[in-house]
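Student: Each chain, letter by letter, is given below.
2 protein chains.
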Amino acid sequence: MIGRRLVNGVETSSVASDDRGLQYGDGLFETMAVVDGEVRHFKRHVARVKASCDRLGIPMPAASAIERDCEVALQGMASATIKLMLTRGPGPRGYRPPKDPSVTRIVISSAARNPSAADEKGLVLRVCDTRLGLNPALAGMKHLNRLEQVLACSEWDDPTISEGLMLSMDGRLVCATASNVFLVRDGVLHTPDIRDCGVAGVMREIVIETARVEGTDVVIGDLTLADLASAQEVFLTNAVTGPRPVAQVLGHSRWEPGPVTLALAANPRVIRP
Amino acid sequence: MIGRRLVNGVETSSVASDDRGLQYGDGLFETMAVVDGEVRHFKRHVARVKASCDRLGIPMPAASAIERDCEVALQGMASATIKLMLTRGPGPRGYRPPKDPSVTRIVISSAARNPSAADEKGLVLRVCDTRLGLNPALAGMKHLNRLEQVLACSEWDDPTISEGLMLSMDGRLVCATASNVFLVRDGVLHTPDIRDCGVAGVMREIVIETARVEGTDVVIGDLTLADLASAQEVFLTNAVTGPRPVAQVLGHSRWEPGPVTLALAANPRVIRP
Chain B
226 MIGRRLVNGV ETSSVASDDR GLQYGDGLFE TMAVVDGEVR HFKRHVARVK ASCDRLGIPM
286 PAASAIERDC EVALQGMASA TIKLMLTRGP GPRGYRPPKD PSVTRIVISS AARNPSAADE
346 KGLVLRVCDT RLGLNPALAG MKHLNRLEQV LACSEWDDPT ISEGLMLSMD GRLVCATASN
406 VFLVRDGVLH TPDIRDCGVA GVMREIVIET ARVEGTDVVI GDLTLADLAS AQEVFLTNAV
466 TGPRPVAQVL GHSRWEPGPV TLALAANPRV IRP
Chain X
226 MIGRRLVNGV ETSSVASDDR GLQYGDGLFE TMAVVDGEVR HFKRHVARVK ASCDRLGIPM
286 PAASAIERDC EVALQGMASA TIKLMLTRGP GPRGYRPPKD PSVTRIVISS AARNPSAADE
346 KGLVLRVCDT RLGLNPALAG MKHLNRLEQV LACSEWDDPT ISEGLMLSMD GRLVCATASN
406 VFLVRDGVLH TPDIRDCGVA GVMREIVIET ARVEGTDVVI GDLTLADLAS AQEVFLTNAV
466 TGPRPVAQVL GHSRWEPGPV TLALAANPRV IRP
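Heads up: the protein sequence lines correspond to chains B and X, in order. Just so you know, my numbering puts 284 at position 59 of the first sequence, and the rest follows in order with no gaps. Just so you know, my numbering puts 442 at position 217 of the second sequence, and the rest follows in order with no gaps.
Keep in mind the hints are simulated off the structure, nothing from the lab. Among the clues, some could well be false.
If chains are identical, the list can't say which one is meant, so a pair holds when it fits in one copy or spans any two.
[Unchecked claim] Pairs of lysine to any residue residues, derived as SDA-like cross-links and limited to a Cα-Cα distance of at most 20 Å, are as follows:
#, residue 1, residue 2
1, K324, L281
2, K367, T355
3, K275, S478
4, K268, G483
5, K346, A472
The shape of chain B in the complex, shown without the other chains (with noise of 0.2 Å):
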């Protein structure tokens, strides 16, 4: 269920068809759920699309005017899911950015997602075929360029599989088409380096602080399809859902949901904004 779309702080769904969002994916996008009424970690995620902006050139609307969109957008909803897209706005045909780009900003919310009951007992997750190109030059921006996760989505039809594992070119383990991934071995938590492809999703930074916080060591690095096998636990984590344990990988091991993923899950810092 779609609730209601702001485009520069007015309720319309409709946008330019030069808009440079549209033309090249010349934009970025995050995502944030709202719980009682308050978008959590609203200021994460304002911070990370304002590092994505530095990095690309496009200038960076006030929180404030996002803040407003939001609200409006939010009214009657309690529970919701809110996109917001920032767009280098319209231009002429050409790759070459406007030297004062018009910024586009996009808000739409939507019904909350409803856990599913995999959510608690384990997701099953298949390995996909698509793989992430490197280029550190795009690498940690949840940018609008996002083909290879279209592509990897398209690969199943079976409703009890819940996402889809990625491998970058070179074989490395980076993330689920829409979550990072996290390993539990021996005490340590394990993600990848996503120095090259992958997304620094805020739901992944708040777990690695948290873990450290609570004593738990992290391992940032490389890690392969192998590593799954001398995992004692497997989870997901996106902004929206939170941390989910993995109960299968499909063709490799199964897990119970363990004690590191449940204490996160539940832990207040993950919880709240």
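Let chain B serve as the given structure and place chain X on it in line with the hints.
Tutor: Just chain X now, with coordinates in the frame of chain B:
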């Protein structure tokens, strides 16, 4: 100058903010030259976008609908440029393509590009720092994920530089930001293989075919910047400009417009639909 804009055959510049072309770059585009009221190489453009639609699983609209859109967009314009975008249409949040997508067909006409003195005397190019990630699943298509090209074009501001050469992540010469590249060496035409990045340009295909018909050997393979030094001619191609000689790659070699380039640029097969 923008001419007319159509979305799904209707004169409007408005696209829905949940269009997957905007959300994920989930679509394709073509840029076509219009000369004497006719879209040059229209059938080839349609064939290319259809082949890419098939790869992405996007239903291809009828060529007759695209043709009609072009006619409307071109009313009163004898020379122009047409940009066609096809997207997987609107959809809810989430990368997974809808089962029955309602394709969005966008046509925008704009004034024809004025040839510059450099088009005849030879272009000055820089070598871009931004590289192209490798992904065979996306290579060859003119899809809407173009942030690499946007970043590459942001690298320079000097109007005497006409284009930027782009290397792949592993250091091969692939293309320029909006053109394919050819070298002439000892009477043989060389152009980069685009198996894992780069676009299979319509004009690239025409030049390869034309050269072969005229008895010139064409080698499609791996090239590096070092190959520039041993080339007697270098030229760029795209559908709007046709073949254009390169006079200089900054920090590398210089050339005069050569006989192979000039003969191809003047060949009726290259010029006419």
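Student: Taking each numbered hint in turn, which are not upheld by the structure, reported in ascending numerical order?
Tutor: 3, 4
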